[in-house]
Amino acid sequence: MSSEDFIAHLQAAVARHIGEPGTIHDLQRLTGGANKTTWSFDADVAGDHAQFILQLASARANVADNPLAGVSPHLTADEDARLMIAAVKAGVPAPRVRAILQPDDGLGGGYVTERVAGETLATKILRDERFAGARDTMAKQCGSILAAIHRIPVAEVPFLMRLTPAEHIAAQRRIIEYFGFHLPALELGLKWAEKNVPRNARHSVVHGDFRAGNFIVREDGIRCVLDWEIGQSGDPMQDLGWVCVKTWRFGGKKPVGGFGTREDLFEAYEKASGQSVDPAHVRFWEAYGSVRWGIGCLSMGLRGMEEVGIERCAIGRRIEEPLWDFFNLIEGRD
Amino acid sequence: MPESIPKAAVLLEAAVKYLETELMPTLAGYHRFQTRVTVNVLNTLRRELELRGVQADAERSRLVAMLGHDGDVETLSVELAERIRAGAISIDDPALRAHVRQSLADALAINNPKWLTR
Chain D
0 MSSEDFIAHL QAAVARHIGE PGTIHDLQRL TGGANKTTWS FDADVAGDHA QFILQLASAR
60 ANVADNPLAG VSPHLTADED ARLMIAAVKA GVPAPRVRAI LQPDDGLGGG YVTERVAGET
120 LATKILRDER FAGARDTMAK QCGSILAAIH RIPVAEVPFL MRLTPAEHIA AQRRIIEYFG
180 FHLPALELGL KWAEKNVPRN ARHSVVHGDF RAGNFIVRED GIRCVLDWEI GQSGDPMQDL
240 GWVCVKTWRF GGKKPVGGFG TREDLFEAYE KASGQSVDPA HVRFWEAYGS VRWGIGCLSM
300 GLRGMEEVGI ERCAIGRRIE EPLWDFFNLI EGRD
Chain A
0 MPESIPKAAV LLEAAVKYLE TELMPTLAGY HRFQTRVTVN VLNTLRRELE LRGVQADAER
60 SRLVAMLGHD GDVETLSVEL AERIRAGAIS IDDPALRAHV RQSLADALAI NNPKWLTR
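The listed protein sequences derive, respectively, from chains D and A.
With numbering that gives the first Met the number 0, letter number 76 in the first sequence gets 75, and the count goes up by one each step, no holes.
With numbering that gives the first Met the number 0, letter number 3 in the second sequence gets 2, and the count goes up by one each step, no holes.
Any given hint could be a false lead.
Covered stretches of chain D, as calculated for chain A (at least 3 residues, CB under 8 Å) [unchecked claim]:
1) 96-103
2) 182-192
Simulated pairs of lysine to aspartate or glutamate, EDC-like, Cα-Cα distance not exceeding 20 Å [as the list claims (entries may be wrong)]:
3) D:LYS190 x A:GLU81
4) D:LYS194 x A:ASP92
5) D:LYS252 x D:GLU330
6) D:LYS194 x A:GLU81
7) D:LYS35 x D:ASP135
8) D:LYS190 x D:GLU166
9) D:LYS252 x D:GLU113
10) D:LYS253 x A:ASP92
11) D:LYS35 x D:ASP226
12) D:LYS88 x D:ASP226
13) D:LYS252 x D:GLU166
14) D:LYS253 x D:ASP226
15) D:LYS253 x D:GLU330
16) D:LYS253 x D:GLU266
17) D:LYS253 x D:GLU128
18) D:LYS190 x A:GLU49
19) A:LYS113 x D:GLU266
20) A:LYS113 x D:ASP47
21) D:LYS190 x A:GLU78
22) D:LYS253 x D:ASP208
23) D:LYS194 x D:ASP277
24) D:LYS194 x A:GLU49
25) A:LYS6 x A:GLU49
26) D:LYS194 x D:GLU330
27) D:LYS35 x D:ASP333
Think of the hints as simulated: they come from the structure by calculation, not from any bench.
Bear in mind the structure is a predicted one, so any value in this text is a computation, not a measurement.
Here a beta-carbon is modelled for each residue, glycine too, at the ideal position from N, C-alpha and C.
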């Protein structure tokens, strides 16, 4: 589709779903991943000049013959949007969905959300002076936001893949078996996870990728939580552990995302949810999260080899970083 | 035939020098980022050429001691992974822990030495 055609289709979709006339201004492609592309644009709608984000599922994401499809959670654009709608309803600062694209919009799967101003780059949020106040409050905010995410009624989002902790680990095994990749450190990590799997997990909606990089932050803290596409249901403590994984500290020293303390995170979560947090239970998810991210690096690296892309290939060489962190964690050296 | 000169490490060093000092300053955005990644990849190769031979010899010796028979390092490593998976070797075994830790440290010395001191 030419860019004129694309804009015409987008304008028609905006006019139909959000408001007339839908005239598009300042359309910019922000990122293009393997699964989706993200665009920013302004539009005239119902007498207003408003700011939006467009997410489009890429053609590749629709290919049904991916041998690993269904092994680990991945939402369609439509489900992704419906999860964000349920999240907003539960009081979560998630993007406000204004349109879910339909087949007759002619743009493929996707949705339009309101654009929230702020910073997403984790290194800036961790280092810039203007975010000093935000950094002081973000661990507590993470606790209360996660409590709100875990309150979303599972019945409202029945399309979420349900994974017990043991099923989570089994899914990672299937991924490395598919790739035929046998690394002693990975096997040790998975075996450790199998031996230490939490047996007393609750069941709730789980964001799945709750971490810096997926937060829109302003001077007063987190304004919006992005990237809901691996939303799932399972053990809520998974989200508390993932935000502590060392990779997501982006060089920052503090355990929660590089910006805060576990005490602040846990206290705020307990206060907002009424559920007590067992630090050892969260630590399991932090350690297992490092192994899982190691497997993420592996699969990106192997896909990088198929398409011979330099960035993905380079990520493949990062597999040892989280595995090293995993070892330090289980041996008490972190 | 003698080894061709300049040696591989020198060729890589020259490529990195061109990309970093001449090309990068002229670039912005996407291509600047991709060139940075390319420089990192070439530096990784340089470290691999320098370090991997000695590392692989030591890794093979550790694997032979643990598994009790000879073989090449790749095959022995896959065998160790399979033994861990099958539960034939305990994940608390001190020799296994020491081996895996050393192997990870070796790989990081090539792929991202800064991570070891983070």
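Status of each hint after checking the structure:
Closer than 8 Å: that is the beta-carbon criterion, and the region 96-103 of chain D has 0 residues meeting it against chain A, so the requirement of 3 is violated. As drawn, the region 182-192 of chain D meets chain A at 9 residues by the rule of a beta-carbon pair under 8 Å; at three or more, the given contact holds. Between LYS190 (chain D) and GLU81 (chain A), the direct Cα distance comes to roughly 11 Å. Compliance with the 20 Å bound is thereby established for this hinted pair. A distance of roughly 15 Å separates the Cα atoms of LYS194 (chain D) and ASP92 (chain A); the hinted pair therefore holds under the 20 Å criterion.
At most 20 Å may separate the alpha-carbon atoms for a hinted pair to count; LYS252 (chain D) and GLU330 (chain D) meet this at roughly 19 Å. Proximity of LYS194 (chain D) to GLU81 (chain A) is assessed by CA-CA distance (about 17 Å); at most 20 Å being required, the pair is judged to hold. For the hint linking LYS35 (chain D) to ASP135 (chain D), the alpha-carbon distance of about 33 Å lies beyond 20 Å, and the restraint is violated. Note on LYS190 (chain D) and GLU166 (chain D): the hinted pairing holds, with a Cα-Cα distance of about 14 Å set against a maximum of 20 Å.
Annotation: proposed proximity of LYS252 (chain D) to GLU113 (chain D) is violated, straight-line Cα distance about 33 Å (limit 20 Å). Restraint check: the Cα-Cα separation between LYS253 (chain D) and ASP92 (chain A) comes to about 31 Å, which exceeds 20 Å; the hinted pair is violated. Restraint check for LYS35 (chain D) and ASP226 (chain D): satisfied, since their Cα atoms lie roughly 11 Å apart, inside the 20 Å limit. With a C-alpha separation of about 17 Å, the suggested pairing of LYS88 (chain D) with ASP226 (chain D) holds against the 20 Å cut-off.
Taking the CA atoms of LYS252 (chain D) and GLU166 (chain D), the gap is about 32 Å. The hint is violated against a cut of 20 Å. Restraint check: the Cα-Cα separation between LYS253 (chain D) and ASP226 (chain D) comes to about 23 Å, which exceeds 20 Å; the hinted pair is violated. At most 20 Å may separate the alpha-carbon atoms for a hinted pair to count; LYS253 (chain D) and GLU330 (chain D) meet this at roughly 19 Å. With a C-alpha separation of about 16 Å, the suggested pairing of LYS253 (chain D) with GLU266 (chain D) holds against the 20 Å cut-off.
For the hint pairing LYS253 (chain D) with GLU128 (chain D), the CA-to-CA distance comes to about 17 Å; that is within 20 Å, so the pair holds. Of the supplied pair hints, the one linking LYS190 (chain D) and GLU49 (chain A) is violated, its CA atoms being roughly 33 Å apart against a limit of 20 Å. A distance of roughly 33 Å separates the Cα atoms of LYS113 (chain A) and GLU266 (chain D); the hinted pair therefore is violated under the 20 Å criterion. Restraint check for LYS113 (chain A) and ASP47 (chain D): not satisfied, since their Cα atoms lie roughly 50 Å apart, outside the 20 Å limit.
With a CA separation close to 16 Å, the supplied pair LYS190 (chain D) and GLU78 (chain A) stays within the 20 Å bound. A hinted pair counts as satisfied when its Cα atoms are at most 20 Å apart, and LYS253 (chain D) with ASP208 (chain D) qualifies at roughly 19 Å. With a C-alpha separation of about 18 Å, the suggested pair LYS194 (chain D) and ASP277 (chain D) falls inside the 20 Å cut-off, and the hint holds. For the given pair, LYS194 (chain D) sits about 38 Å from GLU49 (chain A) by alpha-carbon distance, which is inconsistent with the 20 Å threshold.
Using a Cα cut-off of 20 Å, the hinted pair LYS6 (chain A) and GLU49 (chain A) holds, with the two alpha carbons roughly 12 Å apart. Restraint check for LYS194 (chain D) and GLU330 (chain D): the C-alpha separation of about 15 Å stays at or below 20 Å, so the hint holds. Of the pairs offered as hints, the one joining LYS35 (chain D) and ASP333 (chain D) is violated, with about 35 Å between alpha carbons and a cut-off of 20 Å exceeded.
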